[in-house]
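Sequences listed follow chains Z and E, in order.
Residue 1 is where the first sequence starts when you use this note's numbering, and the numbers rise one by one after that.
Residue 1 is where the second sequence starts when you use this note's numbering, and the numbers rise one by one after that.
These aren't lab readings, by the way, just hints derived from the structure by calculation.
A portion of the hints provided could be inaccurate.
To be verified - Reference listing, derived: stretches of chain E covered by chain Z, where coverage requires no fewer than 3 residues with Cβ under 8 Å from a Cβ of chain Z:
1. 29–35
2. 61–74
3. 79–90
What the hints assert, rightly or not - Within a straight-line C-alpha distance of at most 30 Å, the following computed DSS-like cross-link-like pairs (lysine-lysine) qualify:
4. Z:Lys-22 / E:Lys-57
5. Z:Lys-65 / E:Lys-70
6. E:Lys-57 / Z:Lys-9
7. E:Lys-57 / Z:Lys-65
8. E:Lys-57 / Z:Lys-57
9. Z:Lys-97 / Z:Lys-65
10. Z:Lys-9 / Z:Lys-102
11. Z:Lys-105 / E:Lys-57
12. Z:Lys-105 / E:Lys-11
13. Z:Lys-105 / Z:Lys-22
14. Z:Lys-65 / E:Lys-53
15. E:Lys-95 / E:Lys-70
16. Z:Lys-57 / Z:Lys-22
17. Z:Lys-22 / Z:Lys-97
18. Z:Lys-73 / E:Lys-70
19. Z:Lys-97 / E:Lys-53
20. Z:Lys-102 / Z:Lys-65
21. Z:Lys-73 / Z:Lys-102
22. Z:Lys-15 / Z:Lys-97
23. Z:Lys-73 / Z:Lys-57
Stated by the list, open to error - Covered by chain E, per the in silico footprint, the following chain Z stretches (three or more residues, Cβ under 8 Å):
24. 44–55
25. 96–110
Glycine included, C-beta positions come from ideal geometry on N, C-alpha and C.
Below, each chain spelled out in residue letters.
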Amino acid sequence: AQRVTQPEKLLSVFKGAPVELKCNYSYSGSPELFWYVQYSRQRLQLLLRHISRESIKGFTADLNKGETSFHLKKPFAQEEDSAMYYCALTSQGGSEKLVFGKGTKLTVNP
Amino acid sequence: DAGITQSPRHKVTETGTPVTLRCHQTENHRYMYWYRQDPGHGLRLIHYSYGVKDTDKGEVSDGYSVSRSKTEDFLLTLESATSSQTSVYFCAIRKGVRGNTEAFFGQGTRLTVV
Numbered sequence: 001a002q003r004v005t006q007p008e009k010l011l012s013v014f015k016g017a018p019v020e021l022k023c024n025y026s027y028s029g030s031p032e033l034f035w036y037v038q039y040s041r042q043r044l045q046l047l048l049r050h051i052s053r054e055s056i057k058g059f060t061a062d063l064n065k066g067e068t069s070f071h072l073k074k075p076f077a078q079e080e081d082s083a084m085y086y087c088a089l090t091s092q093g094g095s096e097k098l099v100f101g102k103g104t105k106l107t108v109n110p
Numbered sequence: 001d002a003g004i005t006q007s008p009r010h011k012v013t014e015t016g017t018p019v020t021l022r023c024h025q026t027e028n029h030r031y032m033y034w035y036r037q038d039p040g041h042g043l044r045l046i047h048y049s050y051g052v053k054d055t056d057k058g059e060v061s062d063g064y065s066v067s068r069s070k071t072e073d074f075l076l077t078l079e080s081a082t083s084s085q086t087s088v089y090f091c092a093i094r095k096g097v098r099g100n101t102e103a104f105f106g107q108g109t110r111l112t113v114v
């Protein structure tokens, strides 16, 4: 079974501080991991995916298969980063099921 | 907007009545999903579809049914609405091609069951 765990419901940091949002997964096959973000009153949108190893808005995430983790990091948080962040999992090869974690609400204080 | 729309956007209904939510896409994507979003539970998968007439259950499928008679439409039906089904419902679509599996989301439907 596919499962995604985001241990922190809420995370609050000050502007300019580093931020790390944790994501752990459980899946026996080859996973494909994503981070999605939902800003206030907006649709969920893709932030980044492990397969492309990109950096979006200063965020990065590395897939650690040994620890089954895909933590999201940013060295210097900005106020506009305040949002709901969801980690998601599907299998490689474009398989069907796309499962999300419970989300972490990030607040960046001035 | 990735060519995905949900209707209605808001609905209030009474306990015990049937309700159908519609997800419509213009992208010809293969995969379509229905999620519900609740505080403290995040996004939970209700049902998904991997082609016309091909659907499967997600994590919280009890009390819900779906149909996909054509590529562009994925309907979610609550046969007899209950207060526990008060939620925000999101539809998503995915192309499903390897290396290009980003999901695009609709605006959401806020359903209140009274």
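Cross-check of the supplied hints:
no.	hint	verdict
1	29–35	holds (count 3)
2	61–74	violated (count 0)
3	79–90	violated (count 1)
4	Z:Lys-22 / E:Lys-57	holds, 27 Å
5	Z:Lys-65 / E:Lys-70	violated, 38 Å
6	E:Lys-57 / Z:Lys-9	holds, 26 Å
7	E:Lys-57 / Z:Lys-65	holds, 27 Å
8	E:Lys-57 / Z:Lys-57	violated, 35 Å
9	Z:Lys-97 / Z:Lys-65	holds, 20 Å
10	Z:Lys-9 / Z:Lys-102	holds, 8 Å
11	Z:Lys-105 / E:Lys-57	holds, 28 Å
12	Z:Lys-105 / E:Lys-11	holds, 26 Å
13	Z:Lys-105 / Z:Lys-22	holds, 12 Å
14	Z:Lys-65 / E:Lys-53	violated, 35 Å
15	E:Lys-95 / E:Lys-70	holds, 15 Å
16	Z:Lys-57 / Z:Lys-22	holds, 18 Å
17	Z:Lys-22 / Z:Lys-97	holds, 22 Å
18	Z:Lys-73 / E:Lys-70	violated, 41 Å
19	Z:Lys-97 / E:Lys-53	holds, 16 Å
20	Z:Lys-102 / Z:Lys-65	holds, 21 Å
21	Z:Lys-73 / Z:Lys-102	holds, 18 Å
22	Z:Lys-15 / Z:Lys-97	violated, 36 Å
23	Z:Lys-73 / Z:Lys-57	holds, 11 Å
24	44–55	holds (count 5)
25	96–110	holds (count 8)
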